[in-house]
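If you're matching them up, the sequences are chains A and U in order. Position 558 of the first sequence, counted from 1, bears residue number 558 in the working numbering, the numbering being contiguous throughout. Position 9 of the second sequence, counted from 1, bears residue number 9 in the working numbering, the numbering being contiguous throughout.
Derived from the structure by calculation, the hints contain no laboratory data. Yeah, the Cβ is synthetic: ideal placement off N, Cα and C, and Gly gets one too. Treat the hints with care, as some may be off.
To be verified - Which chain U residues face chain A? A few, computed with CB under 10 Å, are given here:
| hint | residue |
| --- | --- |
| 1 | H43 |
| 2 | H279 |
| 3 | G406 |
| 4 | P539 |
| 5 | E540 |
Protein chains: 2
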Amino acid sequence: MNKIIRIQMETGEIKEEYCSKEEQLLAGRALTSKVISEEVNPHCDVFGSHNKLVLAAGLYAGTTISCGNRLSIGGKSPLTGTIKESNAGGNMAYKMGKLGIRAIIFEGLPPKESLQFLYISEEKMALLPANEYKEMPIYPATKKLRHQFGDKVGISIIGPTGERRSLASGIANTDNEGRPSRYCGRGGLGALMGSKGIKAIVLDDSNAKGVTIENAALLKKTQKQLNKEILNNEALGRFTKYGTAGMVDITNALGALPTHNFSRGAFDLAKAINGNNLHEVITQRGGVGNPSHSCMPGCVIRCSNVYPDDQGKEKVSPLEYETISLLGSNCGIGNLDVIADLNYRCNNLGLDTIDTGGAIALAMEAGVIPFGDELGALNLLNEVEQNTWLGRIIASGGVRTGQILGVRRIPAVKGQIMAAYDPRAIKGLGVTYATSTMGADHTAGQTVRMPIEHHHAKGQVEASQKAQITNTMHDCIGTCLFLNGALANHPEWLSDMITAIHGITCSYEELLSIAKQTLLLERDFNQRAGFSDQDDHLPEFFYIEENPDSKTVFDVSHTEMKKVFDFE
Amino acid sequence: MNKIIRIQMETGEIKEEYCSKEEQLLAGRALTSKVISEEVNPHCDVFGSHNKLVLAAGLYAGTTISCGNRLSIGGKSPLTGTIKESNAGGNMAYKMGKLGIRAIIFEGLPPKESLQFLYISEEKMALLPANEYKEMPIYPATKKLRHQFGDKVGISIIGPTGERRSLASGIANTDNEGRPSRYCGRGGLGALMGSKGIKAIVLDDSNAKGVTIENAALLKKTQKQLNKEILNNEALGRFTKYGTAGMVDITNALGALPTHNFSRGAFDLAKAINGNNLHEVITQRGGVGNPSHSCMPGCVIRCSNVYPDDQGKEKVSPLEYETISLLGSNCGIGNLDVIADLNYRCNNLGLDTIDTGGAIALAMEAGVIPFGDELGALNLLNEVEQNTWLGRIIASGGVRTGQILGVRRIPAVKGQIMAAYDPRAIKGLGVTYATSTMGADHTAGQTVRMPIEHHHAKGQVEASQKAQITNTMHDCIGTCLFLNGALANHPEWLSDMITAIHGITCSYEELLSIAKQTLLLERDFNQRAGFSDQDDHLPEFFYIEENPDSKTVFDVSHTEMKKVFDFE
Ligand code: SF4
Ligand code: SF4
């Protein structure tokens, strides 16, 4: 599992390299960020020949370790101009692991406008023409690809918005059953993939050798302990039951649920979109509905779900907290069916639901449609589908939408719309939004589950720092953040499983150290790209406009926030 | 001439202050930048209550010194996020001088969405409702205002695009005859004025006392010498004859005339849009046409013109080099009549011709319309007029247009489209674009008339540094850059005239020192706003794509460019 595949788009040449012994622990985000930091000019034109798109699997890829098959995708972000890593579940990293592939790197630009797939199996690697897939939305395109290459392939794919290089476009990855719904959504990486002329990456692991486990007994033992711990963990049990949507009640109570373009932190229709209601609707409707679904092989948390319509047919999978808030409460929409439709259509078009939700809310704030206008919101996605000018605006994400419409209040940092936590009410996330190497991003340093007074400034910098390091560590291993909940007493399980798989000694401290080095490398890239610590600010209105529901402003000082990167 | 007027938009209160003795030399850009630097939070929301719009007259305001009545307008730029000063000729600063006003500062936001004028005469200062002017284009609005307040008033005004807070909107100022055509175009200051709910500033100097000249004999003598020098200066004579359009042949020969979205530096239709042809068309058509027109009282250079249609009726005034290139060659349009129409319509809508020309060219590069499509270009301005979504995109300037359309090559620095000099062929301007405190801007440090090899990297940093300091000095005094041509042997005339008017001793060195301090203050503001010297870069394609006409790339090293601000 140490093959690195480089595709030179200019020539079409595909090369193989191998990680050296010293690079054995380099995977996931540690690897994408290292490649970008070392090989990409921080000042390059984002759609130019010198930007690179890097897909990297984690250290557990190809095994059935719970939550262990996340895929990292990186590049210089078209949306933010910073370094970017966005990761997702699904079956792609699993198949990369089985095929012995640690990373896939796209370099250069095709000599002329073109659309191709990258196909990889045990026997073959090839760029294949994809012209007939041009402007094809993601669900039908995936269906067609699976028809062409078989049901068992894994697929990473962009929609029409990625092809158009729209800045809010992401990359969809197939889940365990082949749904193209696990999104590397943030940072406009779909547009970067589009600029390389790549519609999809298709991995066929049918004849793959799989991962050779160096110490199968140790792996089995640790995996068993871990799974038991997960199943006994109450908090993780709530994920299994309610999915991430369980968060709605928590943030709503804290006044942290983004509502009406971050003008409020509580939503009068919160009960209609919370985890309880989601669970109830799914279970009552039955059919293919499933409140606890696993997005990848081996996961025992199963935070994913399948949301059915009232006939029991699938509407979308998964329906997650960030989407429920950004396309829901933040747009004044308190209807799960509508949110599910919006979600499905974003997925199909290739759009990040967070930045798109932000864009729709900004269009609402500008008066294009009123808050709460369900049909209006759906119609904005029709506009994207039809590639109208208004559709182009929305697909360029919240910041550009807000700027083009002349809106004062744009809830974003470094060009990227905030996730579903008002930074005035969950101040640790405010620190993360401001300081993260990725722009406003919750997964960069999630503090909401930390035992801390979220409304108070005190301790938030330390909390964010800790979260940023831990979260980055999971991104580097290729595991879901949620796993952290099961590791409180046994962090060494993380490194034990690496030892078991790869036969190298490794400690938890070493993993933390890789995370820290990765963060510093990313920060250095950003500094070389023109970002200074004076860019580590939230928009002014969060400092001066009280959130009426949390009754707080953001008041963590900039001097304090500078300490986030005080580590070695 | 030392009154400072502050308008608090929240309360409608208008206050007067007076410059202290120590501040007597503080005027023009030195004053706008000082106010912004000291009073505006660099991280403020650009359309929020903490941004300010500052108008400042120069040190010669209210006199008839040639080129001595430029108006500076500043704020934190909605387009670039940097500090911004944009200046223009016309009669506004003259009237401010006569009324004893050095600066007008708009603070805060009106409590509700509203549209007002600021009216100032010797007897009265008032905010007046302007609701009936809502969305009214600039020419009819100015006509109506002059009807309401008399033909002699001076007016600074925004168009519908400023009201809509579109990022490419500027502020128009009346010229000597009351045409609203002298533009503070760059940096989106029209949007900032729009955010304050101010449609226009109307100055009535009919009963004004005028400027008390401390040493009339010295002023008269120096003015006479200066005017003689101007009239004997061959280079300035070309300005009088051809206007700034004389530049077309020079840049075209150097391969520096932006053509087809900066993909070429020479235009096959250059002869149709050069100074000779402009002069010929104007003189042949006669009527109100005038090849050498003065935009303000007292100017003997008269670089302005009145461009007539084939019936001898006015099409637009002035038609200038930057516009001819950005709306002309850069869009593949080689027809002065069409360029004049585009210019008129930009003026009328309140748009900066440079950023709008850049946006149209980027729409052409994206295939919205082909290069050279004259009707298509005019139609894009129809879209702006009708406030369609495509119109909103164009009115947001070149960078957002390029980003929304997914274009790779966006010729801009810090969010602002480059002026009409390809930086690969006039490398001193490349240095200015990269390092200026204002984003890509030619007036920030114009090197094209310097005796230097424009194609070579050597000496360009020194040239840009010198130009940036000299140009800033003129912005601080409130004089046209062109004046510099007449000062080669007598720079002291500049300070002598200040002594004559204000009765304070002042040297040329002191003026240079104010310029340097202003630049450093601006740079400091930008650094506090998040800009580092790593932001002082051109887009990558200028470094790697050879300009086929100059056969050069931009190759001044970043390390060299850092030296631009090495002065005290
Ligand atoms: S915890 Fe959720 S995201 Fe992670 S692997 Fe399981 S289902 Fe997928
Ligand atoms: S030189 Fe040109 S811009 Fe300057 S005052 Fe004269 S006409 Fe106006």
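Verification of the supplied hints:
| no. | hint | verdict |
| --- | --- | --- |
| 1 | H43 | holds, 5 Å |
| 2 | H279 | violated, 40 Å |
| 3 | G406 | holds, 3 Å |
| 4 | P539 | holds, 6 Å |
| 5 | E540 | holds, 4 Å |
Going down the numbered hints, you'll see the structure goes against just number 2.
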